[in-house]
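Note that the protein sequences, when read in sequence, are chains A and B. Throughout, the working numbering is defined as the position within the first sequence, counted from one, plus 54. Throughout, the working numbering is defined as the position within the second sequence, counted from one, plus 531.
If you are wondering where the hints come from, they were derived from the structure by calculation, not from laboratory data.
Residues of chain B placed beyond 10 Å of chain A at every Cβ, according to the derived structure: (1) THR539; (2) ILE566; (3) PRO595; (4) ARG703; (5) LEU733.
Chain B regions said to be covered by chain A (calculated; three or more residues, Cβ under 8 Å): (6) 649 to 656; (7) 659 to 666.
Reference excerpt, derived from the structure (chain B facing chain A, CB under 7 Å, subset only): (8) ALA643; (9) VAL644; (10) GLU646; (11) VAL740.
As the structure is a computational prediction, the values presented were derived from the model and not from experiment. C-beta: ideal position from N, C-alpha, C; glycine also.
Here are the chains, one letter per residue:
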Amino acid sequence: MRHNFSAWGRGELEWSLPVLRLSIEMKTKTALSAKKNIEFREVSFHINDILKRLIVSGVSLEVPEGETVVLLGRSGSGKTTLLKLINGMLLPTEGEVLIQGRSTRDWDLTRLRRGIGYVIQDAGLFPHYTVAENVALVPNLERWDAARTAARVQEMLQLVGLDPGEFENRHPRELSGGQRQRVGVARALAADPPILLMDEPFGALDPVIRAELQGEFSALARRLGKTIVFVTHDLREALLLASRIVLLEAGRIVANATPQEFLRLDHPEVRAFRSSLNAMPGAPA
Amino acid sequence: MSGWIFFTEHRDEILSATLDHLTLVVIAMVIAILIGVPLGMLIVQRPALRTIALGVASIFQTIPSLALFGFLIPIPFIGGIGKRTAIVALVLYALLPILRNTYVGLTGIDPAVLEAAEAMGMTPAQILFRVRFPLALAVILAGVRTATIITIGVATIAAAIGAGGLGTFIFRGVALVSDALILAGAIPAALLALLADFLLGLLERRLKVT
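Isolated chain B (complex conformation) (with noise of 0.2 Å):
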């Protein structure tokens, strides 16, 4: 039970760590959306851009995250120690989900409503913003919901470049070998992110339309 009173020795710590956390997965996935959701749409129109954003996407999906933060740091303006070069690295994760989810959703859409759309006298525009997208918007949001607990958990690892965070505490817990340090890390986190998960499942079956 050493861990329980570790946790209520350290409530205050953990619970500004809890937030500093929170506040770089908000920033880095407003970003995330603010950049995936528009390039979505662009790739749907446009096919020669869709193999490049998909697959640069991918790409960055798969270097290891600890790796992804060595490589920014010694990047100019974006890169650093702290927190700018984490939410950076976030963004990045984030973008493939939702990018990919924005494609997959304006694109699966019954094609007898884009035909009966288009010859009724929709714009293009029309088509996108009154047809596509509202009816893509579970699907794009079930991508914000997969990047966000991604990004909550590769946001513990920003620490190791001194961002904070619930990292913080499992980089000195692995340090020290301390099983409550790395708990008082991990268990925030987990919570977050099944908390997370939770409300924006919630939001996606509102906004699903069958």
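With the rest of the complex left out, here is chain A (with noise of 0.2 Å):
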């Protein structure tokens, strides 16, 4: 697959700017000019069975315009409940979740869930769709007119890399791992929401093409300026993207630093983490 870092960001300037200061103008009542984007008060979340087992237990962050937040921690530490709980498809147990000033539970969450865009790591692109439909479908849901939506599914796949010649009339069984990757990112750009949720987005590919896509995102999120929440269990890729990295353990914040300043936290937890570096041949310490 070949590729090059600044496809991510071929014509994303040219549309970027008059888009945005549109979307600007259109949302000011929705308040997006709040600093705090997304804000989590104090929020426990437990599954409703007879142990009440905590996922999450008394979560405070916040994560401001622009940033790029990578929640890092174990598998079962409660990093994808965080970023179910910002579109609410989890509601909070205690406490509140408010996205752009409003409460998840007072949000419309089909309106709410329009302005984020979702990447997971199977992508979940819709099989009988191709790849045109499945970039569309935000676009599609919000009745942007035909001309738009189209203009819009070839910048959006000219923006993560893909020909859309090549490739707009292609199933996704049609793609390898990667280019449904990049399919599920051009996806949730489509109708350029304000807030970004990736869950472990480049997990399931392989090594190269990981290094690959993640190298091209870093510079395409710097580009984009978008608030982005990253959740992932390896540490490189978070110092690769994050502004921030807010470390989970059982369900509770055990650091929120700077990823400079991370590497010198003294926790156990984060020195686990630091170790996973480190057991890498040749990886610095």
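With the hints in hand, could you dock these two chains into one complex?
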């Protein structure tokens, strides 16, 4: 698969400024200008079974606009749960999650989700839709006119490094894992949502393709200026992408730091993750 | 070769009985699909209804067909002697495979696809009609195919309550100990079943999304 770093960004600058300005004008009512885009206030979540298992407890976290916050943690630490609390796939048992100043309990969840891009590990592309139809999903739900949607699909595919002419009419089964994940990113960005949630988006890819997509995505993320919450268990990925790393252990936040600070923190779980870096032959300590 | 001579001599009768048979099957299948598919969609959303609906449909399936026809005769409106009663019984038989496959098809979808659909802001109705239903279509059709083959077979027994069709030859043949008469009913019924299986199988493969 041929690619280059600038492919993610090519075409992006041409549309992003006017479109972004337009979307700000249109959405002033929904307080897009709020500095804290996502805020967790003493959030707990437990599964409502007999055991009342706590998945997340007492989490307070602010994600300022335009930042890329990486939620880092082992399996079962509650990272994905936090992500799903942001777009209302889960509602907190206690506390509040505020999106642009409004609690997810008060949002119309359909509206909220259409303003939040979502990328998951298996991409979750619709197998009965072509690549173009998958990317056009949210614009179509939002009833954009056909010409605007078609133009947007072209832009998005170019943005993620896929040639529209070659790929738009393919079905997901005719793509490689890396290509599927690129389409997943294009679909998430298509309606220009101010927030992007990513749940181990590169986790299922082979190491070479993963590194390639991580590199391209980190360049893209800087260019787009979106508020991104990114879930991973891979410290190297976190260091590459994050403006802040939030470390979770058993449903609690145990560290919240910039990547530079994070490496110097003295906490057992931080050390455990750091040693996962050192375990790599040839990796810097 | 007396069988072959019988076939050629009674060609028109056999043909018209085959058409009668086909009519019974088609009417019963259309009704069964119109009930089974929406009901299957409903029980995906309502877990409480699921056990009841699948349970009742399974019970109908376990009643021997001749007995079911017999039970229906005394029931007012839907009962009596003739085609109407037969269609009711055939619908009850066809319901289970259609209902179950609709349910299985709608629920057996890649969870990542459903998660993405929900997270993208699709409403439950949009998820049902634009994602679940198209992806379940091949599985639903497999249920329709099974139901059709069952119905073609069971419909031969409908002749016992005066519904006509190919069963007429079979019952007459049994009474008269005539192999030729039995075969005159059984062979066209078997051919119908094979043909339906083949055609619906073709359609099923075309609708399959991998």
